[in-house]
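Going by the working numbering, the sequence shown wraps up at 148, each residue one higher than the last.
Among the clues, some could well be false.
[Unchecked claim] Straight-line Cα separation of at most 25 Å, DSS-like style, residue types lysine-lysine; simulated pairs:
no. : residue 1 : residue 2
1   : K144      : K36
2   : K36       : K145
3   : K36       : K24
What the hints contain is simulated information worked out from the structure, not anything from laboratory work. Note that the structure is predicted; figures quoted are calculated from it, not measured.
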Amino acid sequence: MTDVSITLRPVDAETVERVEALLKANDLPYRDVRTKPECFVTAFSETTFVGVGGVERYGSNGLLRSVVVMESNRGQGYGTALVGALEDRGRSNGVETLYLLTTTASAFFRREGYDAVDREVVPEPIQQTTEFADLCPNSAICLKKNLE
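When you get a sec, could you build the whole thing from the sequences and use the hints?
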């Protein structure tokens, strides 16, 4: 795997359908992208769209959302670059701890420094998010990473 460089861009009217389609195709929550576009970003390698992800901020805590890389770009380091860029973005916005739910990518996020935690220890504002309460199944694994 080589070091890759990505640029994050906000989700806008031109990219929202592409973002929703990518999330839906990967069985990730997509129904609230239009109501929370400020939480999501697209990732580009030069002019090539490579993925999407997001962070919802709740004080010093954040919820890492819907991180996915285009299938044709997987295995090249874009996932790691995207997660790192989202962590940096969260950190610069005052997020000290990130939480996430996953049904399929636990091993990937553990390699990125995330540790499993019980859902009950997640701060209440994050537990009350649409993703925690409605969009992700109870079988999803909850992970946490301190960004400090």
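Hint by hint, here is what the structure shows:
1. K144 <-> K36: Within the cut-off at roughly 22 Å; holds.
2. K36 <-> K145: 23 Å, holds
3. K36 <-> K24: 16 Å, holds
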